[in-house]
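Visitor: Here is how the chains run, residue by residue.
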Amino acid sequence: QIQLVQSGPELKKPGESVKISCKASGYTFTDYAMHWVKQAPGKGLKWMGWINTYTGKPTYADDFKGRFVFSLEASASTANLQISNLKNEDTATYFCARYWEYFDYWGQGVMVTVSS
Amino acid sequence: ETVLTQSPTTTAASPGEKVTITCHASSSVSYMHWYQQKSGASPKLWIYDTSKLASGVPNRFSGSGSGTSYSLIISSIETEDAATYYCQQKSSDPPTFGAGTKLELK
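Order-wise, the sequence lines are chains A and B. Those letters in the first sequence? Residues 1 to 116, by my numbering. Those letters in the second sequence? Residues 1 to 106, by my numbering.
Bear in mind the hints are in silico, worked out from the structure with no lab data behind them. Warning: the hint list may mix true and false statements.
[Said to hold, decoys possible] With a cut-off of at most 20 Å between alpha-carbon atoms, the simulated EDC-like pairs for lysine to aspartate or glutamate come out as follows:
#	chain 1	residue 1	chain 2	residue 2
1	B	Lys44	B	Glu1
2	B	Lys38	A	Asp104
3	A	Lys12	A	Glu89
4	B	Lys90	A	Asp104
[Said to hold, decoys possible] Far from chain B, some chain A residues (derived; all Cβ distances over 12 Å):
#	residue
5	Ser21
6	Val37
7	Gln82
Heads up, the beta-carbon is just placed ideally off N, CA and C, and yes, glycines get one too.
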């Protein structure tokens with residue numbers, strides 16, 4: 001069955017970096033784009049951007065340009081999200097989601113807490 | 001970007017009642033998709049391409065609409081339907097989500 005399994009929760013200090021992984025299984029990884037979605041505590045869903053899993057080319061939403069990097073380990077069917085210079089407002093759950101005209105499968109989410 | 005405005009923000013209904021959630025787009029979109037999210041869980045695709053039910057979704061749910069106005073309708077609500085529902089469009093970049101409608105059971 002199709003699964004997106006994300007890495008575990010993270011507790012970081014402001015200024016640190018974090019790398020989140022999203023391992024796909026049950027389908028051909030390079031056939032579907034992978035998108036990233038942020039959900040701050042008690043808030044709605046915010047689209048962060050996506051990565052072409054065939055070419056590796058990332059595209060970032062305007063609010064996520066600069067400190068955010070999408071990458072792949074295609075041989076491991078894994079997409080990664082790295083956030084550098086963490087700020088308090090990065091505290092959120094980050095979801096990966098497979099895309100085919102809509103987001104049909106989602107990872108379980110990774111809670112990132114940024115606190116001094 | 002296309003802004004999606006959902007209404008109501010929250011609503012409460014008794015089992016068996018009919019519930020309608022609307023999503024208004026700031027510009028015309030070709031399709032609307034809907035997701036269900038329960039507390040502490042990831043969103044699930046619920047309705048895609050405006051009116052198609054995702055796998056496993058009960059047929060008391062339906063979707064309709066066109067242009068700038070779309071709806072998710074629950075014909076006879078059940079306790080398991082308590083969740084937050086989000087609309088989402090991809091007709092124009094970037095993809096955007098509505099702010100969500102929290103559905104509570106009385």
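Visitor: Please go over all the hints and tell whether each is borne out by the structure.
Guide: Here is how each hint holds up against the structure:
no., hint, result
1, B:Lys44 with B:Glu1, "violated, 24 Å"
2, B:Lys38 with A:Asp104, "holds, 16 Å"
3, A:Lys12 with A:Glu89, "holds, 12 Å"
4, B:Lys90 with A:Asp104, "holds, 13 Å"
5, Ser21, "holds, 15 Å"
6, Val37, "violated, 8 Å"
7, Gln82, "holds, 20 Å"
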